[in-house]
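**Student:** The listed protein sequences correspond, in order, to chains G and B.
Just so we're aligned, residue 0 is where the first sequence starts under numbering that gives the first Met the number 0, counting upward by one.
Just so we're aligned, residue 0 is where the second sequence starts under numbering that gives the first Met the number 0, counting upward by one.
Derived by calculation from the structure, the hints in this document are not laboratory data.
Fair warning: there could be bad hints in the mix.
[Claimed, not checked] Here are the simulated SDA-like pairs of lysine to any residue, each with C-alpha atoms no more than 20 angstroms apart in a straight line: (1) K23(B) - N633(G); (2) K115(B) - K587(G); (3) K103(B) - Q637(G); (4) K23(B) - R455(G); (5) K115(B) - G625(G); (6) K103(B) - G625(G); (7) K115(B) - L631(G); (8) K23(B) - G642(G); (9) K622(G) - K115(B); (10) K115(B) - G623(G); (11) K172(G) - Q637(G); (12) K587(G) - R569(G); (13) K23(B) - F13(B); (14) K23(B) - G623(G); (15) K172(G) - Y162(G); (16) K115(B) - G642(G); (17) K115(B) - Y162(G); (18) K23(B) - Q635(G); (19) K115(B) - L598(G); (20) K115(B) - R626(G); (21) K115(B) - Q635(G); (22) K103(B) - R24(B); (23) K115(B) - H630(G); (24) K115(B) - E586(G); (25) K115(B) - K172(G); (26) K115(B) - N633(G); (27) K103(B) - N633(G); (28) K23(B) - S644(G).
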Amino acid sequence: MIPEIVLWLIFFIPLGSFLIIAGVIRPFFNRYAFAAGYLTIAAMASALVISIIALASVINEHAGIEYAAHRWLDIGPMNITIGITLDALTGIMLVVVTAVSLMVQIYSTAYMKGDKGYARYYAYMSLFTMSMIGLVLASSVIQIFVFWELVGLCSYLLIGFWYHKPSAAAAAKKAFIVTRIGDFGLLLGILYLFFNQDTLAASGLNSLIVADVNTAAAAGIITSGVATWLAVGIFAGAVGKSAQIPLHTWLPDAMEGPTPVSALIHAATMVAAGVFLVARFFPLFEASKEAMAAVAIIGGVTALFAATIGLVQNDIKRVLAYSTISQLGYMMLALGVGAYGAAIFHLFTHAFFKGLLFLGSGSVSHASGGTFDMRYMGGLRKIMPWTYVTFLIGSLALAGIFPLSGFWSKDEILAHAWGNGDTVSRTVFWLGLIAAFMTAFYMFRALFMTFEGEFRGGAAKDPNAEAHDEGETHPHESPWAMVGPLVVLALAAGAIGFIVNPTTSLGIVPIHWFTEFVSGHLHHETPEFNIPVALISSVLALAGIVLAYGMYGVKRSAIVSPADMGRWFRPLYQLFLNKYWFDEFYEKLLVKRVFYRGLAQGLDWSDKYLVDGLVRVIDRVGKGTGRVVSHLQNGQLQGYGLGISVGIVLIFGIYLAIR
Amino acid sequence: MNLENVLLVGAIVFAIGLYGALTKRNAITVLMCIELMFTAVNITAVALSRYVIPAAIAVNPGAVPETAMQSLLTGQIFTIFIITIAAAEIALGLAIVMAIFRNKESVFVTDATEMKR
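If we strip away everything but chain B, and leave its shape as in the complex, we get:
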């Protein structure tokens, strides 16, 4: 278990999410894929937070400035925020999907083209 492997997992999850978000017609699937991309970002943030700063401290504790010590858990805290925001966002997204469905009897993103030129 090292930094590279965790980042690789994050990248793979992100790619899967991106692929799904760009290819699936169903809006709910798209939303799910966006959740996957969030997750990938979370994994990356936590991994960098876990590995990079502690490693620097371990090498030379005296040279690390106070601010670095304070930002030891930045990634983890950020992740919690992202999860919260993502929950709110997905609720909003589902509400929009419901509204579109009421109007068009369809949840396909390819049908929601009112904004074309």
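With the rest of the complex left out, here is chain G:
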């Protein structure tokens, strides 16, 4: 059993790295900013090692390890604690977070080279990793909320990393505000637990400890009706963080941040925190059928909806962003149909291949001079073979092609949804299946547009590119610090799916090890590997790839030209291209019309005329009275005397009268 202090080290090492960079290196030794990169890499590496030890410890114990919670605040009967939860979910998340973080930090040393904010970048990255680790380790609801907000803050800081770009500053603000709407739901859920401690305290449970809440929900102490509302509140937070409909609009805009940030925060870890949160409170969700159905439907709709938008984007990072939203929808869908193990499995594999794809997109952008617009790329296959091969592996994994990792996790989800048999599960199964086809199409569309054909000029041709190089852009393979992490992640994306969750026993790894391991405490039946479902989804994915090849892969004259497709499906094309007008709806209708013109202007009016009016009336009364009364001070001594005399007589008169 691993001592608690060692687990705390996973949290404190990145924190120390952040403090040293932010407190020492950046203010005093900014000339040696490169040290910040190496320090962060060292911190992540040691955190990764300890995380693996922690995970191994959980595997050996065959169960979560309980640590006594530390008292933080006692207010009357309310006990707020700090503690560590170490179960299968935490162990997996720790390894995912630290491993992807390590790869991204190594990659960033090359990608961020020469940036003025180099030390600041690594300070934020350390802070983010620390917050994320704090979130997955947390045992109390308050702790979860604190780190939940901290990762949101880091996301804000990193999206707005190039704050001198107005679009980046706006995107950072948008991400913060939109996720805050969801966080409000989470806060309400926590407040409910806060004010209803007595219900749980009667059974000796603390309503502010996650495990106790789950126990209470499973034992029926929290009734199904209450569980619904609690779960919906918590789910609202998850919807915001994981960019599910209708709070998804911030994630595509978050691509304004540096690409490694997109890989770490907006693909692999932070956005998965929403899924993690639902998984953490899974018994609570399970206590309410309605909440589970809501999670499944929102997830399923998001999976399909985001995939449709991804079909028509020209910015490679936006394609990946919508793909991320879609895959997070998949995870939510899985949780909603009760496929807990499959959801975490997909989270696990997705973190590797989506991190890989984002880093790959950064690599191609690096090569083509800083543009992300695929219309100005092309022909990079021969120039950057390493990036191409790793990107291809990532795309195949995401598309769910046998035997790469995405195939196993996606299939597990679909099989579970199909196996459930109820209406909601069947519905989201079809949504997920269509999304799988689209996923394959848009990934290979991106792949063909980027790597095949002729090079189309890069940033020098892109009118919207930030930095215009003089003359031609000369594409080149990225340095080893960028290619190395790509290769490591590609190996993980390719192999890890089958290795950790095989369909036949692999000697030391038993059949369905991962899902059994993660969901062991929930006593679920893991469905059998469903060959028809796997075949159908594979055929659909292959169809998507073939269609993408037909439209974008063939040189010069495409078999089906994209323009023709756009004409044939014009209304749909417009709908997808304009992202269902969600941004316009929020911006023009909700923000401008309802909030600004309705609410804000009403409040402005009442502030101007009611509040300020009252102040002004008080002011006028005082001033006017003063003006009138001041005439009495005329310097005529005898007038004053008269006033005093009459006053005395009056006072005595009144006194005598009322005595």
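Put chain B on the given structure of chain G with help from the hints.
**Tutor:** Relative to chain G, chain B alone:
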């Protein structure tokens, strides 16, 4: 000669003094009227001292506390003090009137309005 009559005299003198102090323009007249008001107060103080406490003693000598015996002449002593203070005050007042007169060539209180707003 009883308490009511003496108090009535005091009140009348006070009223005359007040009337004069509020209506006369000449500052010296005003000062004189203030003296009248002092006098009225003195009359009242002496009258109350002369009539109230001795009367109480006469009714029931044993019930009167020692302190009442000691304050038998309070009014009279007070009057002497007031006369003294009034003399000092009138000297001060006349000096102020002289100073105003030097500045304004006038002793009318209606002309001394520097303290208006």
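**Student:** Hey, K23(B) versus N633(G), does the alpha-carbon distance stay inside 20 angstroms?
**Tutor:** holds (17 angstroms)
**Student:** Decide if the proposed pair is consistent with the structure: K115(B) and Q635(G), CA atoms, cutoff 20 angstroms inclusive.
**Tutor:** holds (8 angstroms)
**Student:** Against the 20 angstroms threshold, does the CA-CA distance of K23(B) and S644(G) hold or violate the hint?
**Tutor:** holds (16 angstroms)
**Student:** Would you mind confirming whether the straight-line C-alpha gap from K172(G) to Y162(G) stays at or under 20 angstroms?
**Tutor:** Holds. K172(G) to Y162(G) sits at ~11 angstroms (cutoff 20 angstroms).
**Student:** Sort out whether F13(B) lies within 20 angstroms of K23(B), counting only the CA atoms.
**Tutor:** holds (15 angstroms)
**Student:** Is K23(B) within 20 angstroms of R455(G), Cα to Cα?
**Tutor:** Violated. K23(B) to R455(G) sits at ~108 angstroms, over the 20 angstroms cutoff.
**Student:** When you check the alpha-carbon spacing of K115(B) and L598(G), does it fall within 20 angstroms?
**Tutor:** violated (52 angstroms)
**Student:** Check whether the Cα positions of K103(B) and G625(G) lie no farther apart than 20 angstroms.
**Tutor:** Violated, at about 31 angstroms.
**Student:** For the pair supplied as a hint, K587(G) and R569(G), is the alpha-carbon distance within the 20 angstroms limit?
**Tutor:** Outside the cut-off at roughly 24 angstroms; violated.
**Student:** Tell me if the straight-line CA distance from K115(B) to Y162(G) falls inside 20 angstroms.
**Tutor:** violated (63 angstroms)
**Student:** Given the proposed pairing of K115(B) with N633(G), does the C-alpha separation stay at or below 20 angstroms?
**Tutor:** Holds. K115(B) to N633(G) sits at ~5 angstroms (cutoff 20 angstroms).
**Student:** Checking one constraint from the list: CA of K115(B) to CA of K587(G), max 20 angstroms. Satisfied?
**Tutor:** violated (63 angstroms)
The structure fails hints 2, 4, 6, 11, 12, 14, 17, 19, 24 and 25 (numbered hints given earlier, in ascending order).
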